[in-house]
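Undergrad: Sequence:
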Amino acid sequence: MLSADIDRESTPASGVLYLHGFNSGVSSPKSQLMRAACSVVEGAPLPCEAPQLSHRPDEALATAEAALEALGPRPLLVGSSMGGFLVSCLAERLGLPAVAINPAVRPAGLMQSWIGEAFVNADTGERFVIDHRHHEALEALTPARLTPAHYLLLLGTADETLDCRDAFEVYAGCSTILHPGGDHGFSALADYLPAVLAHGGRRLAPGRVTTIFHHA
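Per this note's numbering, residue 85 is the first one in the sequence shown, and the count goes up by one each step.
In case anyone wonders, no lab produced these hints; they're calculated from the structure.
Being a predicted model, the structure only gives us computed values, none of them experimental.
For glycine and all other residues, C-beta sits at the position ideal for the given N, C-alpha and C.
All the pointers check out, no bait thrown in.
For each label pair, taking beta carbons as the anchor points, the in silico distance ranges come out as: (1) A206 - S123: 22 to 28 Å; (2) E210 - R249: 31 to 37 Å; (3) A279 - R217: 34 to 40 Å; (4) A146 - H216: 18 to 24 Å; (5) E201 - Q136: 18 to 24 Å; (6) A128 - D250: 34 to 40 Å; (7) S123 - A150: 21 to 27 Å.
Input sequences plus hints: build the corresponding full structure.
TA: Written out as structure tokens, the structure reads:
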């Protein structure tokens, strides 16, 4: 763990990739908050990509990988819910630091239980139905194991969508912050931005914290 901390300090994140959750979008509060935070990082604004992701997990991951090209050699990955699962896939594949916020840890099983259900994305207006391809793609993408040194895990203890105990078990050994009473949307994210950025060796500029809270 010490060596990972030293690496973060000596090679700070070259950018931030934020991935939203399932059936969410670029206008989500956390997506806007991460972009605002990157604009007031100490030293100079930090490049931030927060792409609109497909409801299909394999397509979403391909979009995320393409977005990395604009973020330099060592971006910090941040994702919420299904986005937390996707950044974990990328972290394991590329050896990058990642912050997982209330991550989906067994999404293939969850998606299997939704087969046949119809959804509408409030951001894009897209209508879609969950089918077997969603389940199969998630099964294929799920990492065989997680490397604890890659991650900072943020969990709300009152998550109304996912049982936080599942993530606590799957991400065992990772640096972890539990927010008592926190919801699935992790609406207290602004309070933890210093920890999020520190995981990538970055800090908010002094005196600019109020700017971030204005966006929260």
